[in-house]
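So the protein lines, in turn, are chains A and B.
Quick note: the first sequence uses our numbering, first residue 4, plus one each step.
Quick note: the second sequence uses our numbering, first residue 111, plus one each step.
Any given hint might turn out to be false.
Just so you have them, the derived chain B footprint on chain A, three or more residues with Cβ under 8 Å [claimed, not checked]: (1) 21 to 29; (2) 33 to 39; (3) 54 to 66; (4) 119 to 128; (5) 134 to 141; (6) 160 to 171.
Distance condition first, Cα-Cα at most 20 Å in a straight line; then the derived SDA-like pairs of lysine to any residue [unchecked claim]: (7) B/Lys112 <-> A/Lys74; (8) A/Lys74 <-> B/Gln122; (9) B/Lys136 <-> A/Val23; (10) B/Lys136 <-> A/Ser47; (11) A/Lys14 <-> A/Leu58.
Derived by calculation from the structure, the hints in this document are not laboratory data.
Heads up, the beta-carbon is just placed ideally off N, CA and C, and yes, glycines get one too.
The lines below spell out each chain.
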Amino acid sequence: MTEQPIQDWVKRLKNGDRSVFDALYDATKTHVYYTVLVILKDVSLTEDIMQDTYLKMLENIHRYQPKKPFKAWLGTIAKNLAINAYHKQKREHSMPEDAEDYLLPKSESTSEKRYYLQELMRVLNPEEKEVIIRYVILEEKHKDIAKAMHKPLGTITWMYQNALKKLRKEAGENHEE
Amino acid sequence: MKNEKLFQQIRQHAERDVPDLTSKIKHNERFLTPTKRPSFTAFFKRPVPVFSALSLVLVVLFIFILTPSQDVLATSTVYLEINPAIQIDLDEDDQVLRIIPLNEDASELIKELNSTHRQDVIVAIDKIIEKAIEKGYLSEEHPVVLFDILSNHSNLVERLNTRIQDRIPEIAQQRLPNLDMVRGNAHSRDDENNAIQPGQRMRHNLILTLLDMYPDEFTYEELSTLSMGELRRLMTEHNADEDTPPNRPPMPNRPN
Numbered sequence: 004m005t006e007q008p009i010q011d012w013v014k015r016l017k018n019g020d021r022s023v024f025d026a027l028y029d030a031t032k033t034h035v036y037y038t039v040l041v042i043l044k045d046v047s048l049t050e051d052i053m054q055d056t057y058l059k060m061l062e063n064i065h066r067y068q069p070k071k072p073f074k075a076w077l078g079t080i081a082k083n084l085a086i087n088a089y090h091k092q093k094r095e096h097s098m099p100e101d102a103e104d105y106l107l108p109k110s111e112s113t114s115e116k117r118y119y120l121q122e123l124m125r126v127l128n129p130e131e132k133e134v135i136i137r138y139v140i141l142e143e144k145h146k147d148i149a150k151a152m153h154k155p156l157g158t159i160t161w162m163y164q165n166a167l168k169k170l171r172k173e174a175g176e177n178h179e180e
Numbered sequence: 111m112k113n114e115k116l117f118q119q120i121r122q123h124a125e126r127d128v129p130d131l132t133s134k135i136k137h138n139e140r141f142l143t144p145t146k147r148p149s150f151t152a153f154f155k156r157p158v159p160v161f162s163a164l165s166l167v168l169v170v171l172f173i174f175i176l177t178p179s180q181d182v183l184a185t186s187t188v189y190l191e192i193n194p195a196i197q198i199d200l201d202e203d204d205q206v207l208r209i210i211p212l213n214e215d216a217s218e219l220i221k222e223l224n225s226t227h228r229q230d231v232i233v234a235i236d237k238i239i240e241k242a243i244e245k246g247y248l249s250e251e252h253p254v255v256l257f258d259i260l261s262n263h264s265n266l267v268e269r270l271n272t273r274i275q276d277r278i279p280e281i282a283q284q285r286l287p288n289l290d291m292v293r294g295n296a297h298s299r300d301d302e303n304n305a306i307q308p309g310q311r312m313r314h315n316l317i318l319t320l321l322d323m324y325p326d327e328f329t330y331e332e333l334s335t336l337s338m339g340e341l342r343r344l345m346t347e348h349n350a351d352e353d354t355p356p357n358r359p360p361m362p363n364r365p366n
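Looking at chain B on its own, in the form it has when it is part of the complex (with noise of 0.2 Å):
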């Protein structure tokens, strides 16, 4: 016997065996009950449901809208070394994105910072010099503000250049007027040198400045042993004494 004739003569068997069942299912209440249509404002009258999606939708509105997202790229990136090494994130438009502490120093002088998000560079900026005058980073005897450019397209380099250029001495004059010593360089993320890392980029602008400034005194690899403070120490007394013809200064004691 073939298989497809044997399953036939067992789904007929199959169904002979089935009970009638309709005429008990026809008598049932529930089979004259008319159904019920499924109704939408019956949803809003169940406490616990809308409860529960109402919650899911704050908190999906407090986590995608209401917190500023980390993860927003910036156009361009401002180093800021003042003692307290600080990292502005931009949008293409100069508005800070986020303030990143490079020290420890800085994690202070952030803490105590009012909001900055979403303004422009130049107002943060000031904010930061403000509070570092305010804490005594920036003074008569530390007058030095050093910041570094780097940025996705070169047009954008130029402005925010200019920008801090002509701005940063302005305001930090207005609050030490003996402060000018502002220096900066800029670079588009293109350039050659951005094989040197962010924060090694501040040092070596600054090592190359103190060259400028003592030609005859130190070496490159001289001034490259020297820490960021020191190296900081250097140009305020060059600054201080800035009349007098450069003599080649002290150089800091280091620890063997």
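Excised from the complex, chain A in its bound form (with noise of 0.2 Å):
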């Protein structure tokens, strides 16, 4: 999605027009979940921080200079709620050591919905996983990555290359370099 339909919708959002929040968040939504997810690790969870952060950019829309690109600015709201919660709830609960399946709900009433990214990096462990949602979905860069993972570069660009390998091995066509 380019920024400019994005950056039309953001001036009617201004406005005070709500009919274009449906595209808006369309456009947006899988930026916004997978920012949230990788700092939180609980589908659960990062539900709760997206819904809050739309609400957020809603009640600061006024706020928003189009010299950043929309998403990076909402990325940010995301990003800081998200470091929030992670506080918080580090504080009341102890979070857990073993995120093996952060793209699956731990709640039962949502289990019934298919994950399909799961099933697709069923391969990878937790860090490759990070890894490659921070730069396939999210479009971070090798060295974003490393700062963000606190690892060095030389560790991100291992795992992304190793990463990349079992998930071509499990597409079944895993050609050689």
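Taking the hints as your guide, dock the two standalone chains into a single complex.
Quick look at the structure:
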């Protein structure tokens, strides 16, 4: 999705036209969802924070300056809310060390939904999944991923290559590089 | 499989997994509340930011406007040697930018001086001479005022020299009738005399004046071993006995 239609919707939202919300949500939902998910590693909590992100965006839409891409601005709101939720969660309950299935919900009620990404990436360990999500979906650079995951750049590059090999093998088309 | 094809597949799967929360969001009362535009007057209803902003403005005003800047460059400088040694920095209109004491006596004198900032140099010198007489630095026994002028421009040097040469004896004699020992020199900063430092130049001028008075009595080298106080004393002795032919006065005793 290019930035131009998003900017038009944002302009209309600023003028109080809420009818464009669905379109704006659809254009930005993947970025927001995975921005929160890689921080919280909990699908149910991510949904709550995602909802809060959009409501906060609506409340503060007049503060948005079109010089910055809207997705990046929205991503910053999402990231800040996710970090706050992470610290709150950490204070109130101990966060699970093993986040093996963080692409799946913990709640039983939503378990009927099919999680396609989990199926595709089941061959990856949690860290490799995070590298792939950040690189492919959130379009972060390797050096930014290294910074976010507190790991050396070389380790991230190695994890990325390893994950690609596993994914190609899983897809049955493991070509020699 | 090419990377881009794989990435495309991942993106499609990722998008499918994102829940549709639009209905939940739209039913939230925060969604239904209209967005408030920021109000300019709202800022003034918050006492803490208003107070902080006002304090900041006052501090900036105090620093940049109310406090006279010490960094303003002087166009001309007048060195006064009455015994207290004083440097007066001037702007291009001969107005005082700052007065700097060059010795302890000068510090004492300047402490008691009324403000001379942005006053004409003649007014400032008048105040300094008045205070010097009051404190006993200038008297019947010590009636010597020396000055030295240094300026960026030769025309300013001439103007200042003329004004000071004309006005200082007049001002000084009103307060101390015997005071006729006003001697001075003036230079442009481009002069070769600038090889000598300002404080040293005053001393250098005093020695040259003494050599004029006692051409056969002293050499430059001899006089240059004396302190400013001793040089001034020699000059005072000459002034007190001006009608008699100059004889070599006794050289001051100096510790070995």
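Which of the numbered hints are not met once you compare them with the structure shown? 7
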